[in-house]
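Trainee: Listed in order, the protein sequences are those of chains A and B. Under our numbering, the first residue of the first sequence carries the number 1, and numbering increases by one thereafter. Under our numbering, the first residue of the second sequence carries the number 1001, and numbering increases by one thereafter.
Hints listed in this document are in silico derivations from the structure and should not be mistaken for laboratory results. Every residue, glycine too, gets a C-beta built ideally from N, C-alpha and C. Be aware that one or more of the hints could be misleading.
[Claimed, not checked] Derived list of chain B stretches under chain A, where covered just means 3 residues or more per stretch with a C-beta under 8 Å from a C-beta of chain A:
id: 1; segment: 1070 to 1081
id: 2; segment: 1250 to 1264
[Said to hold, decoys possible] Every beta carbon over 12 Å from chain B, so not counted as near; a handful from chain A, in silico:
id: 3; residue: Gly57
id: 4; residue: Leu79
id: 5; residue: Ser87
id: 6; residue: Ser135
id: 7; residue: Arg321
id: 8; residue: Leu426
id: 9; residue: Gly427
id: 10; residue: Pro437
id: 11; residue: Leu448
id: 12; residue: Leu450
[To be verified] A short, non-exhaustive set of chain B residues, derived as facing chain A with CB atoms under 8 Å:
id: 13; residue: Arg1207
id: 14; residue: Ala1359
id: 15; residue: Ala1361
id: 16; residue: Ala1365
id: 17; residue: Ala1369
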Amino acid sequence: MTELLSPPLETDAPPPARVTGRYRAGVPAWLLLLAALCAATAAIPLVYLVVRTTEAGITELLDTLLRPRVLQLTVNTVLLAAAVTLSCLVLGTICAWILTRIRLPFQRTLLLVSALPLAVPSYLAAYGWLVWFPSLNGFWASWLVMTMVCTPYVTLPVAAALRGASADLESVARTLGRGPLRAFAAATWPQIRPAAIAGALLVCLYSLSDFGLVSMLRFQTLTWGINAAYGASFDRNQAALLALVLVVLALVVVAGERRSRRQVDRVPGRSTMPARAPGKASLLYVGLLIAAPLGGVVVPVVGLLSRLLEAETLRAIDVPRLIEAIGATLGLALAAAVVAVLVALPIAALAARYRGRLVAAIEAVGFLGHALPGIVVGLALVFFALAAVPMFYQTSVVLVFAYVVLFMPRAIGSVRSSIAAVPQSLGDVSRMLGLSPFQTWFRVTARLALPGIAIGALLVAISAMKELPATLLLRPTGVSTLATELWSRTALFEFGAAAPYAAALVLVAMVPAVLLSGIRGTAREN
Amino acid sequence: MGWVTIEALSVSYGDTRVLDDVSLRIPRGSLVAVLGPSGCGKTTLLRAVAGLLPVTAGTITVGGRLVTGPGVQRAPEKRGMGWVPQDASLFPHLTVGENIGFGLPRTKQSDDLYCEPGEAPGGVAGLLEGLTPSGRMARTRRALVRSNAPLHASPLAPAPISPDRSRQNNRAGRIAELAVLVGLAELVDRAPSQLSGGQAQRVSLARALAPRPDLLLLDEPFAALDPLLRSALRTEVAALLHGQHNTSLLVTHDQEEALSLADYVAVMRGGEILQFGTPADVYERPVNPWVAGFVGDTVELDGQWKDGRVECAFGVLAADWMGAEMVPRDGTRVRVLLRPEWLTLGARGSTHPPVDAVATAIAYAGHDALVSFALADPEKTLVRARIAAPDLPRVGDRVTLGICQNALAYPLAEARAANIPE
């Protein structure tokens, strides 16, 4: 029910049931062209990054690549990603099993609670921990906080898969003489493995791309290195190269995720298993379940509140500046949402109604932003703006464009599934009743898909408000968003001064995310 | 010349030929059923006629208008056809009444601002009425009263045809008229989600009929309903369509549905029409054993042709030659085909001296039963007869079997295939 707390999980849902009409007229050329154009915008950062890096020349490229510094950053990044992925996979699978197989009180609340960490931007969680333990830093600290924040990426899809998995198989295995654990391993695990692995790879992608958390906890990964190299500004080639290394890692992970998602074989059967009573172990179960929400939400939010409510902090709040930051955040997010939905519409309409290699390719390019770390898009667009459209450099236009590239996949996912959910037969009926294709689109398809389109826009807005690295790199001079204010104050160890911005961020970004997932969850239950 | 003429229609999808040279004539005011197993191309035929998919070759004319032909591919919305899909497909965001009125033009004359003199609520209130759903509903209800339609009319009742043409052009009036016609007058302001499957299908039918289509296309409209409801609704719909003098093309895989509803049945297989004729034609004189087996139960025997008769396990039977070629030479091996209900117990009604048989198994179906008999010939050939319940023998009973109709004789497919290489 809560998979919408974080939009990326949207892509974990099984691809929308496509229309069944076997002999469909071909794709209209204008739609194909429009969708291709829209998708092409998403490819600009990556393409330009490659161009920029290769300009430096192969020898210099190899030279830089083999510097111990670069190797060290890469190793750090991969180590952290691997450790976080593994711990999230184990903890998330256990949590999902508890959620679906144990009869605990307040089951739906527990599910919502275990999804909550997704609403917390990683740097906010890091900030919250730093408030309590200012000396926290390095690999283990990053690993711990990142695990807490990312566990739901595994918990939610695995819980959904467990709920959909046939419980009959496990019963059959039991009657054939397997013990409970072996029956689970033999019968149920194969059914949930694709979901678990897809979730784990998503975790991997997020820990690779994360910038805010590792920077605050001072663990030097590639994202940190890119920012440092960019800040040093005399060696921007190195920043570009590091970004390219990061992109390659991310693309490998995304490719793996896409592969793993395809291999689901549905076994028909009763999906509800009589949940067993918790018995004596109930405290242990609940403890495991709330570990991630505790570390990912409660600790940071309580830390934030304790700082916020200190008299000293309250006195020092710079109200005009805070309001200005809120306004900038909301304005940028709104612009990004509108543009992203407009750009996503043709791609989503195409992908929802037609198949084929070209269609799949266009959609995949549209989803590119999903694989690109924010800092990479930010950096690539700095280069691109300077070289191609200098008049837009350091304006909101480029920043909004970065948001669109980064978060368009969320809009495409939501819009596509809502369009695909409108049966094609309704369109046929409308045509047969005398409405032209465009009238049909507005009076039937778009009308029915409207909630999904609105949710797509909201998802983009929420993500844009939380985005840190791209905003840091691209914001116009003098403009600060809540995320950048929080980051710059935390970087200076001014935890008190950062508190109001953190609180405002929670209010404008996290609360809508939770509400949205709650609304969607209820709607789905009904 | 038919009202609807389909000529040499072919549809290919990639390399697969889905429709192959299909020709069909639908007389005005009749209901034609296209009957075939799933995957035979019948739905493709319907979609091609509707203009929902492009054809490879062939022409389709409706009432003399060319809608599909070389270089002509009229858009679905310009064909003047109605479409009733399998799953009703009501617009979930519109009420039942708005669904029915979806295809009616919203002109100033006929739309919401239209009010008959003396009946308008007048002024701003009247204008506002057209803008709110409840106001529109109120107007629909008034129109219902105006057309003097009984609110709980039986769906079988003939359509109330108003003498006043202007009233018929009135959008709300037309919606009300159709709601009455399908027996759902009291449900016009419901949401589609509140309807049962049968009600939804009726609304779908009313919606398709509202713009007075030249041709109504029905895509297995009863397939998704449960069996009891299905037979009740299809009788009702057939009566309704005949009452409206509608020309309709129905697609189905249910032979009972096709035979009981349609004026003409086209049997399709593998993208070709094998036989076109009245239901009785198709059932009693199927063009080949496959058609015979598809539209009903058969008794099949091997036999030899002998001057208008066949020699088979029953002895010598009077038979009709059903092959496309000339009547064969005497002694040619043929396939003999009977319907189980052509066999009778005893000599009653038989055109043939009865033969001895032993009942070996009974498939009981309440009103009648399919009884298997072993004949007295050396191979103890098994045949099945449909016997009405009161006359049922018991397993092991010795009976005599008569035959009340000429047997059908078909060329042996194997024999034909064997002749080709020579």
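Trainee: All the hints need checking, so say for each whether the structure fits it.
Mentor: Comparing the hints with the structure gives:
Counting residues of the segment 1070 to 1081 of chain B whose CB lies closer than 8 Å to any CB of chain A gives 6, so the stated coverage by that chain holds, three being the minimum. Three residues within the 8 Å Cβ limit are the bar, and the segment 1250 to 1264 of chain B against chain A gives 0, so the coverage statement is violated. No beta-carbon of chain B comes within 12 Å of the beta-carbon of A:Gly57; the shortest separation is about 48 Å. Consistency note on A:Leu79: stated as away from chain B, and its beta-carbon is indeed over 12 Å from all of that chain's, at 50 Å minimum.
Consistency note on A:Ser87: stated as away from chain B, and its beta-carbon is indeed over 12 Å from all of that chain's, at 45 Å minimum. Non-interface call for A:Ser135 relative to chain B: holds, since the shortest CB-CB distance, roughly 58 Å, exceeds 12 Å. Here A:Arg321 stays apart from chain B, with its beta-carbon at least about 46 Å from theirs, past the 12 Å limit. Residue placement check: A:Leu426 does not keep its beta carbon more than 12 Å from all beta carbons of chain B (closest about 5 Å).
Remark: the non-interface label on A:Gly427 conflicts with the geometry, its nearest Cβ contact in chain B lying 9 Å away (cut-off 12 Å). With a closest Cβ-Cβ approach of about 8 Å to chain B, A:Pro437 is found to fall inside the 12 Å limit, against its non-interface label. Annotated as non-interface, A:Leu448 brings its C-beta within 12 Å of a C-beta of chain B; the closest such distance is 6 Å. Non-interface call for A:Leu450 relative to chain B: violated, since the shortest CB-CB distance, roughly 9 Å, does not exceed 12 Å.
About 7 Å separates the beta-carbon of B:Arg1207 from the nearest beta-carbon of chain A, less than 8 Å, and the hint is met. Hint status for B:Ala1359: violated, given a least beta-carbon distance of 41 Å to chain A, over 8 Å. For B:Ala1361, the suggested interface contact is broken, since its CB lies about 34 Å from the closest CB of chain A, more than 8 Å. Because the beta carbon of B:Ala1365 sits about 31 Å from the nearest beta carbon in chain A, more than 8 Å, this interface hint is broken.
For B:Ala1369, the suggested interface contact is broken, since its CB lies about 35 Å from the closest CB of chain A, more than 8 Å.
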